[in-house]
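Quick mapping for you: the protein sequence lines, in order, are chains P and Y. Numbered per my numbering, the first sequence spans residues 474 to 758. Numbered per my numbering, the second sequence spans residues 474 to 758.
Calculated directly from the structure, the hints in this document are not laboratory data. Hints may contain errors.
Pairs count within a copy or across copies, as identical chains cannot be separated in the list.
Straight-line alpha carbon distances no greater than 16 Å define the calculated EDC-like cross-link-like pairs of lysine to aspartate or glutamate that follow [stated by the list, open to error]:
hint, residue 1, residue 2
1, K554, E707
2, K635, E574
3, K681, D702
4, K695, E754
5, K695, E557
6, K666, E482
7, K635, E569
8, K688, E732
9, K695, E683
10, K662, E542
11, K731, D623
12, K635, E690
13, K631, E574
There are 2 protein chains.
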Amino acid sequence: MKVIHKINELRVELAQYYHSEQSIGFVPTMGCLHQGHLKLMENAVKENDIVVLSIFVNPTQFGPEEDYEEYPRNFKKDFTKARETGVDYIFNPEVEEMYSEGYNTFVEVEKLTEKLCGASRPEHFRGVTTVVTKLFNIVRPDIAYFGQKDFQQFVVIKRLVKDLNFPLKLEMVPIAREDDGLAISSRNKYLNKREREAAGVLYQALQKGENMILKGERNAYKVEEKMKDLIKDEELASIDYVKAVEPETLEDIEKISKEVLLAVAVFIGETRLIDNFYIEEIAGN
Amino acid sequence: MKVIHKINELRVELAQYYHSEQSIGFVPTMGCLHQGHLKLMENAVKENDIVVLSIFVNPTQFGPEEDYEEYPRNFKKDFTKARETGVDYIFNPEVEEMYSEGYNTFVEVEKLTEKLCGASRPEHFRGVTTVVTKLFNIVRPDIAYFGQKDFQQFVVIKRLVKDLNFPLKLEMVPIAREDDGLAISSRNKYLNKREREAAGVLYQALQKGENMILKGERNAYKVEEKMKDLIKDEELASIDYVKAVEPETLEDIEKISKEVLLAVAVFIGETRLIDNFYIEEIAGN
């Protein structure tokens, strides 16, 4: 496994694969690799000849009040995990390598990015779509892997790839969870013991919503309200959003029919956590 | 020479070249091919194994009051010219093929696009950078060719390519001119006989500016004023802008030193024409 810091160096390394039939799998991350990332890498290794992992804490997707500086970084551990999983290249550029002097180009997906997390993190998705465009052009993968935990991010990137005609496939990999159901996230590190216990409430609320739907509830508002009630009972939790939406457009729905995305964003103390259930093929539809 | 209307069909055709060492040259146009385009195609044919010409009148780069509907189209003549020049593929998509339902992604280069033409055509460059990004992803060229007449467009696309890490080279091809110096443009077709004569004033103003600089004038404001005076003497002409700017950043300058871009945009009757002189290596600097 090679670690590469420079764009041009990575291009030179990868050039040999473009002129062959070998496929390149790509896993873009901000590092601090956990069980969720491992699943992405495992799938990429299984399905491609060559796998590139990028580790880059992208400043432009953090808001001015957000945790860019504190975001956990641990390259040494990441290196070991990536090597054990069978990754071929780690691309680990400096900020100056990605955004050099005079940088001024931005890629924006409209509408979709105003919903859910976009409402409370207005610049976030512009940062994501811009850096993902850059990384796609640098790596030129055949398949890129993203986690379902960031469901909205996946929907936005799907739109980006379709609209800008990127010649690649996207794969969404299911959420990895702790024993109590908490979605694994680098930000879970911020939680103290009491908060960690409280954080289980996101999963409980999603289960509550799913159970209501499986039992026949079709009123999206009622489902959301019951989920909110459950979260409000946890005193360390404060809700950013709790939503039942159409999974492709992320539009609000009144009546749940074929499929639905239950998505939640909740502050546990100071830490903002997100989670979702994507419920496909709802019975009786 | 093949004419292709569908993105996927072009991808299939071009796939064979990606897995070989053959280079792809790309000439993006809005059709109505003239002497300027011929130079682009000739260079592309000379320098590459395969040449793709795109003909697409891109609606998103026209303002609501602009000439999208009237913009001249003549596929039959374009076809003959392209074939004679040695182009291999014409990519000629419908609008719906490029912007399908739910389209919502935009690529924007900031700052540079606010200057010169960007001031009077605020949405224009966003349309250009978005469609060029799409075309680059569809064609995946090794070299893309653009005309110097749209100097600002070239500077903006250079920024786009650098910032978004497109793995390709750009080539700027000099302006083709009529006998009286008028830069050849598809929009020259809009001019009546009297206007056609008046249109020579753009070139005369640029010559005036260049002569002043060659004779030692270093005050940008004085150069601009003399150029403006010359244009104002033509009663069919009305000035959009007349500028001496730094060629890379398009920033205003006070003192002309190493190099300068003289750029003009002038309405001749209802028709807006642009032209420029790029003066490199000014003596005594």
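Find the hints from earlier in the document that the structure breaks and name them by number, from lowest to highest.
When the structure is compared with the hints, numbers 1, 4, 5, 6, 11, 12 turn out to be violated.
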